[in-house]
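J.: Construct the complete structure from the given sequences, taking the supplied hints into account.
Quick note, the sequences are listed as chains A and B, same order. Numbered per our numbering, the first sequence finishes at 232, counting up by one with no gaps. Numbered per our numbering, the second sequence finishes at 232, counting up by one with no gaps.
Hints are computed from structural coordinates only; laboratory data are not their basis. Some hints could be false.
[What the hints assert, rightly or not] Keeping only pairs whose Cα atoms sit at most 20 angstroms apart, straight-line, the calculated DMTMM-like set for lysine to aspartate or glutamate is: (1) LYS231(A) <-> ASP85(A); (2) LYS213(A) <-> GLU74(A); (3) LYS144(B) <-> ASP85(A); (4) LYS144(A) <-> ASP172(B); (5) LYS144(B) <-> GLU153(A); (6) LYS144(B) <-> ASP172(A); (7) LYS144(B) <-> GLU112(B); (8) LYS144(A) <-> GLU194(B); (9) LYS231(A) <-> GLU74(A); (10) LYS144(A) <-> GLU153(B).
[As the list claims (entries may be wrong)] Partial list, computed: chain B residues near chain A (C-beta under 7 angstroms): (11) PRO75; (12) SER77; (13) VAL78; (14) PRO145; (15) ILE149; (16) GLU153; (17) ILE154; (18) GLY156; (19) ALA164; (20) PRO165; (21) ILE168.
Each residue gets a CB set at the ideal place from its N, CA and C atoms; glycine is no exception.
There are 2 protein chains.
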Amino acid sequence: MWTSPTAGLAPGYAQANLVILPRDWAFDFLLFCQRNPRPCPLIAVTEAGSWQPPVSPKADLRTDLPKYRVWREGQLVDEPNSVSHLWRDDLVSFLIGCSFTFEADLLQAGVPVRHIELGRNVSMFRTNIPCVPAGRFSGPMVVSMRPLKPADAIRSVEISGRFAASHGAPVHIGFPDQIGIADLNRPDYGDAVPVHADELPVFWACGVTPQAALLEAKPPLAITHAPGCMFLTDLKG
Amino acid sequence: MWTSPTAGLAPGYAQANLVILPRDWAFDFLLFCQRNPRPCPLIAVTEAGSWQPPVSPKADLRTDLPKYRVWREGQLVDEPNSVSHLWRDDLVSFLIGCSFTFEADLLQAGVPVRHIELGRNVSMFRTNIPCVPAGRFSGPMVVSMRPLKPADAIRSVEISGRFAASHGAPVHIGFPDQIGIADLNRPDYGDAVPVHADELPVFWACGVTPQAALLEAKPPLAITHAPGCMFLTDLKG
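T.: Following this line, the structure appears as structure tokens:
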């Protein structure tokens, strides 16, 4: 059983963020994703009770991720390697696109990705960009930051812009303070990654955004992937 | 007879830079364009002596531009409204893509283009980026600059990147000094255009590049369009 982060696994295939919610919270969350496609690009949503996503019919969402997080009323209560014991007929699973997918394309195009080079997690920041609220879900957009030389920044826009299912083109480039980020050396999630003087910080909408909204909404039960332990789809990225 | 700049005419159709050279200079220039596709995206090249470009078979390149420039040994000697009197059987015409084409797409996408708003010519700068030499032609890349807010800069990369025939995506963004530009307020060609504190200067390869290379190579005769007085093609932009 694989229990480690999935970065670099199954190159060329899309990886996905996972959010599982009870049926009576599912409409609000689906609407939140529909209204905020950059941070929450939906790859697939199951029927209530099904653990088989349409995009990977042989998968079992209860056991196929390396590690899960279980949240009750917005509090992290467990990090199991399976959620079979928690399964209920009213659970709806959401698969949301992940930046691991376009990072592989950046690397293939010769665009360096510093946090991968440094063996760190990507830097992530809460911004002052509000998501469009939907029912009980609201919150700020969370972004990931990659420092790039100008020519690489341009390439990264062209490359990531082709992948709407993994956050698409950047949402900001160049001025962290314009989106409410005071200090690039102090990310809200992930690790600090240095930005050199000849580089631009480039910001993409991040799949942590729906988790932040989830924690604020405090549903009685929510299951997500553990950080970096994504669902590997059968989809070409 | 139309004798004014063509910006804004025939929206949706590609406009083109024109360069006309004697046959014995044509191979070098064609190779220069082939090796430098960002500043010199070739739309069409005629057979020697023909004034009918393949892309616009009803056109007459000797008379259809509002204004021409005639160069002898690298010196500007005339600005006529027709070059019929200069026509020779050995003249080859090159049509090169023009940024007017993607500017129309920027405006349609809601991305403001300041020099158009201000009624000025775009700012153009000689850079320290060398073109790949070809025969007797060499020289620095000339770029045009458009100041854009970060989100618009990102959109502009996505939009212009689709139009390889009109210079494609930007070649630089953010740091003028990295490409040898000392002062954005003192363009080498065109008009100064202010860059606000919350904006990034975005630089595209410019169709003036081949003219700069032409002047340095000093062919005995060259005919070009006059600044802003482009050839209107029958091609959808």
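J.: Hint compliance check: list the failing hint numbers for this structure, sorted ascending.
T.: 1, 3, 9, 11, 12, 13 and 17
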